[in-house]
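Guided by the hints, dock chain B onto chain A, whose structure is given.
Here the protein sequences line up with chains A and B, keeping their order.
When you line the first sequence up against our numbering, it's residues 1 to 321, in that order.
When you line the second sequence up against our numbering, it's residues 1 to 321, in that order.
Honestly, the hints are just simulated from the structure, not real lab data.
Keep in mind that the hints are not guaranteed to be accurate.
Which copy is meant is left open, because identical chains are indistinguishable; a pair holds if it fits in one copy or across any two.
Said to hold, decoys possible - Cut-off 30 Å, straight-line C-alpha distance, at most; resulting in silico cross-link-like pairs (BS3-like, lysine-lysine): (1) Lys205 - Lys84; (2) Lys84 - Lys55; (3) Lys294 - Lys55; (4) Lys296 - Lys310; (5) Lys205 - Lys296; (6) Lys296 - Lys55.
Computed from a predicted structure; not experimentally measured.
Number of protein chains: 2
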Amino acid sequence: MAVYTDITDDELAEFLARYDIGQVLSFKGIAEGVENSNFLLHTDAGFFILTLYEKRVREGDLPFFLGLMEHLADHGINCPQPVKSRDGQALGRLAGRPAAVVTFLDGMWPRRPEVRHCAALGEALARMHVAGAEFHMTRENALSVAGWTPLFRAAEMRADEVLPGLPVAIAEELSHLERHWPTDLPQGVIHADLFPDNVFFLGDKLSGLIDFYFACNDALVYDLAICLNAWCFEIDASFNITKGMALISAYHRTRALSPAEIAALPTLARGAALRFLLTRLVDWLNVPEGAMVKPKDPIEYVKKLRFHQKVASAREYGLLA
Amino acid sequence: MAVYTDITDDELAEFLARYDIGQVLSFKGIAEGVENSNFLLHTDAGFFILTLYEKRVREGDLPFFLGLMEHLADHGINCPQPVKSRDGQALGRLAGRPAAVVTFLDGMWPRRPEVRHCAALGEALARMHVAGAEFHMTRENALSVAGWTPLFRAAEMRADEVLPGLPVAIAEELSHLERHWPTDLPQGVIHADLFPDNVFFLGDKLSGLIDFYFACNDALVYDLAICLNAWCFEIDASFNITKGMALISAYHRTRALSPAEIAALPTLARGAALRFLLTRLVDWLNVPEGAMVKPKDPIEYVKKLRFHQKVASAREYGLLA
Chain A
1 MAVYTDITDD
11 ELAEFLARYD
21 IGQVLSFKGI
31 AEGVENSNFL
41 LHTDAGFFIL
51 TLYEKRVREG
61 DLPFFLGLME
71 HLADHGINCP
81 QPVKSRDGQA
91 LGRLAGRPAA
101 VVTFLDGMWP
111 RRPEVRHCAA
121 LGEALARMHV
131 AGAEFHMTRE
141 NALSVAGWTP
151 LFRAAEMRAD
161 EVLPGLPVAI
171 AEELSHLERH
181 WPTDLPQGVI
191 HADLFPDNVF
201 FLGDKLSGLI
211 DFYFACNDAL
221 VYDLAICLNA
231 WCFEIDASFN
241 ITKGMALISA
251 YHRTRALSPA
261 EIAALPTLAR
271 GAALRFLLTR
281 LVDWLNVPEG
291 AMVKPKDPIE
301 YVKKLRFHQK
311 VASAREYGLL
321 A
Chain B
1 MAVYTDITDD
11 ELAEFLARYD
21 IGQVLSFKGI
31 AEGVENSNFL
41 LHTDAGFFIL
51 TLYEKRVREG
61 DLPFFLGLME
71 HLADHGINCP
81 QPVKSRDGQA
91 LGRLAGRPAA
101 VVTFLDGMWP
111 RRPEVRHCAA
121 LGEALARMHV
131 AGAEFHMTRE
141 NALSVAGWTP
151 LFRAAEMRAD
161 EVLPGLPVAI
171 AEELSHLERH
181 WPTDLPQGVI
191 HADLFPDNVF
201 FLGDKLSGLI
211 DFYFACNDAL
221 VYDLAICLNA
231 WCFEIDASFN
241 ITKGMALISA
251 YHRTRALSPA
261 EIAALPTLAR
271 GAALRFLLTR
281 LVDWLNVPEG
291 AMVKPKDPIE
301 YVKKLRFHQK
311 VASAREYGLL
321 A
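Excised from the complex, chain A in its bound form (with noise of 0.2 Å):
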């Protein structure tokens, strides 16, 4: 769930006094997202999100986020677009925290992504990455391999408890990847986080993406990569080659990938894994007493990333060469 503060309705009708978008008419924080407090807003003129950012955001990135929200809804990218303040402002402050006003967008994520959803998946990527192509504003992959050390310090000493031998298989793979990264892989921004709860699709129709709290500078195949880990494997871990296939055939069409991003490719797959593997655990590892938020089980990942260890070539992800 996401709703870590409350608002007053004084608060939050001085709040939107600085916005041309009429009286609020309803007021409701929705159970999703976990990292900021995320209302669903009623106003005269339509339906709206307004997300309160808690700590885990920091402050000085939230130009970029927004900028690029606003920039790829410009570029014909279905995403939530911040609404700006009389003054031209996208970002306010709400109960003492930063806060900012998104379109409402319509559309549901798919609880069991199926192979037509990692189509539809494939191509909106590469619609995104090339759209962000003209974005003046970066911001550094802070999760990218360097990293990930620290994050692994965070939880080494107790990484036993989640499953014994844990710490050992981490240190190997940090050390194999800090010495086979790919650096020079064609750049651009990413999503970085592009889970099933990120899209959202009416029927089969892929009708936006949410979400860009992760967004970065970094390789663009990365975010293929991420996505290979997040939506093409099953419940039981096993990896589903017609999704993986469905997925990277179409962002191909739309972006083709290099021979050298295509080489990459299970490389990055085995980062991404064990990025996602390395922030669950140190999650799972620091639930506050009284927590709200469940955390997601780096088991999943561990499974994960022996996959990807075993990967010779980006053909075993489905890739047609």
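Relative to the frame of chain A, chain B by itself:
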């Protein structure tokens, strides 16, 4: 927060196929309410609330609750209206639970109720009581005086942990109320849980009442006693007589209180305070491991009860005799 059950898109589509409300456009869990799982549902036909009834609600009571909402809406009370399926049913099943779709009600609940809110509440409560007079179904109040002893037994052994001396204080109050509880007051359908988060306002205007899942048949003025507890105390547990006056006089103008009802008010207010003290106490002492709902503080109602114990007549609540 209140999403205890996740629903797949396929389950939802199958459920909604029974209704004439078009295709699903969006579906989000709402972080409000504590008894059931609530979702905001957007379809071609508009916005709705989809509720999944969790185990604390008795399935046999649902026809009463849904029937009451329909009856009240038909009699001019603004409240969520059950939407019937094509075969005329207000109650269906989804994800293994009883489920209903109701209309979406605009409005915001007052985070800090003021005198004007109390006045609007008094009128709405009286109108609801009048409108409920012809409702043909009945439901006993399981949380009236006969239900308090079992609640107390469930908490007695550990009530000292919350406040030293609390078990004795509750036992004495229970004994007093069992001897003095009035039984000959005008009866009818009461809401029984009309706290600020169940009353919506648009600006200063009361726009609707929600959450009828404690509604039952009881002394009408007991509902007023509950509202005195829920609306007319300040954060520091001091009673605000201006709010009490606004609430009672607005009620009285719409539905005249009898001398017997007025005389019973202090006893009923004590009973209402004890009822919420007991349910909060039980919840407080039984927070499950990893609970997603933070229990409400029982001490607030200890303080309110102490206030009512000193009240000699309804004048002290602001009634202008």
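At 30 Å max between alpha carbons, let me know whether lysine 205 reaches lysine 296 within a copy, between copies, both or neither. within (28 Å within a copy, 43 Å between copies)
Regarding lysine 205 and lysine 84, is the shortest C-alpha distance of 30 Å or less found within a copy, between copies, in both, or in neither? This pair counts as both: shortest intra-copy Cα distance 29 Å, inter-copy 29 Å.
Can you give me the call for lysine 296 and lysine 310, within, between, both or neither, at a CA distance of at most 30 Å? within (24 Å within a copy, 52 Å between copies)
My question is about lysine 84 and lysine 55: at a cut-off of 30 Å on alpha-carbon distance, are they close within one copy, between copies, both, or neither? Answer is within: at 23 Å inside a copy they meet the 30 Å cutoff, but 44 Å across does not.
Could you place lysine 296 and lysine 55 in one of the four classes (within, between, both, neither) given a Cα distance threshold of 30 Å? Both. Shortest intra-copy (20 Å) and inter-copy (25 Å) distances satisfy the 30 Å Cα cut-off.
Identical-chain pair category, lysine 294 with lysine 55, by Cα at 30 Å: Classified as both; 18 Å inside a copy, 21 Å across copies.
When each numbered hint is compared with the structure, no violation occurs for any of them.
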